[in-house]
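Chemist: In order, the protein sequence lines correspond to chains A and B. Here the working numbering is used: the first residue of the first sequence is 187, the next is one more, and so on. Here the working numbering is used: the first residue of the second sequence is 8, the next is one more, and so on.
For the record, the hints were derived by calculation from the structure and aren't laboratory data. Owing to the predicted nature of the structure, the values given are computational and were not obtained by experimental measurement. Incorrect hints may have been included.
[To be verified] Dumping the calculated BS3-like pairs for lysine-lysine here, alpha-carbon to alpha-carbon at most 30 Å:
1. Lys48(B) <-> Lys243(A)
2. Lys201(A) <-> Lys62(B)
3. Lys288(A) <-> Lys27(B)
4. Lys259(A) <-> Lys201(A)
5. Lys195(A) <-> Lys62(B)
6. Lys62(B) <-> Lys27(B)
7. Lys288(A) <-> Lys201(A)
8. Lys62(B) <-> Lys288(A)
So you can see what is in the structure, the chains are spelled out below.
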Amino acid sequence: AQRVTQPEKLLSVFKGAPVELKCNYSYSGSPELFWYVQYSRQRLQLLLRHISRESIKGFTADLNKGETSFHLKKPFAQEEDSAMYYCALSVRGLKGYSSASKIIFGSGTRLSIRP
Amino acid sequence: GAVVSQHPSWVICKSGTSVKIECRSLDFQATTMFWYRQFPKQSLMLMATSNEGSKATYEQGVEKDKFLINHASLTLSTLTVTSAHPEDSSFYICSTNSGRGYEQFFGPGTRLTVL
Numbered sequence: 187a188q189r190v191t192q193p194e195k196l197l198s199v200f201k202g203a204p205v206e207l208k209c210n211y212s213y214s215g216s217p218e219l220f221w222y223v224q225y226s227r228q229r230l231q232l233l234l235r236h237i238s239r240e241s242i243k244g245f246t247a248d249l250n251k252g253e254t255s256f257h258l259k260k261p262f263a264q265e266e267d268s269a270m271y272y273c274a275l276s277v278r279g280l281k282g283y284s285s286a287s288k289i290i291f292g293s294g295t296r297l298s299i300r301p
Numbered sequence: 008g009a010v011v012s013q014h015p016s017w018v019i020c021k022s023g024t025s026v027k028i029e030c031r032s033l034d035f036q037a038t039t040m041f042w043y044r045q046f047p048k049q050s051l052m053l054m055a056t057s058n059e060g061s062k063a064t065y066e067q068g069v070e071k072d073k074f075l076i077n078h079a080s081l082t083l084s085t086l087t088v089t090s091a092h093p094e095d096s097s098f099y100i101c102s103t104n105s106g107r108g109y110e111q112f113f114g115p116g117t118r119l120t121v122l
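Chain A on its own, in the form it takes in the complex (with noise of 0.2 Å):
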């Protein structure tokens, strides 16, 4: 079965903290995973995916196979990191083809950070 994890509906860490937001994925194919925020009044946007291995605003995220993990990093927490943050594994349709594939999200993390 195609399914996300995220463990923990809230996470709360100080300003300089360091943030990890866990995900577990369960997939049969070769997973292609992502991290998405929402921030307050806004619409989702994608954070990273596992493909480009880029770290955006500071946040990394490795794909632990072994572990069918996803987590997502930041060493310093900001304020302006509060938001909804969902992981989400791309799952291809019956094509085959990158246009027909879809998402899962996760239940979502929301993550406050306290000054």
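Once you have looked at the hints, place chain B on chain A.
Modeler: Coordinates of chain B only, in the frame set by chain A:
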């Protein structure tokens, strides 16, 4: 990034009426669009995949006769909630990718309240 709009942003209707929600890709042609619903403080649940020129693909448990999807052009997909009831009250969000990769671009969402 690609721009996706939704109309209306907010709608209130009486129980038993039908409501149409539009999703437009403003700067690219979208052969595939996705419709999600999001209950308060919950994750996005994929309802259906809308394919231009063909029938939509519905997720398990989603009534296709209840949620009619039409994708008549490469820039417009519509979701019609037929005979709406209070339990249909939710936030409906559409998304698409631009065909150039896996990144999904989301609309701002439509809040439906059924009285």
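Chemist: Compare the structure with each hint and give your call.
Modeler: These are the hints, each one checked on the structure:
1. A threshold of 30 Å between alpha carbons decides the hint, and for Lys48(B) with Lys243(A) the separation of about 25 Å falls inside it, so the pair holds.
2. Between Lys201(A) and Lys62(B) the CA atoms are separated by roughly 49 Å; this puts the pair beyond 30 Å, and the hint is violated.
3. A hinted pair counts as satisfied when its Cα atoms are at most 30 Å apart, and Lys288(A) with Lys27(B) qualifies at roughly 23 Å.
4. For the suggested pair Lys259(A) and Lys201(A), the alpha carbons sit about 14 Å apart, so the restraint of at most 30 Å is met.
5. Distance hint between Lys195(A) and Lys62(B) is unfulfilled; the C-alpha atoms sit about 36 Å from each other, more than 30 Å.
6. The hinted pair formed by Lys62(B) and Lys27(B) meets the criterion: a straight-line CA distance of about 17 Å does not exceed 30 Å.
7. Taking the CA atoms of Lys288(A) and Lys201(A), the gap is near 35 Å; set against the 30 Å cutoff, the hint is violated.
8. Of the pairs offered as hints, the one joining Lys62(B) and Lys288(A) holds, with about 16 Å between alpha carbons and a cut-off of 30 Å not exceeded.
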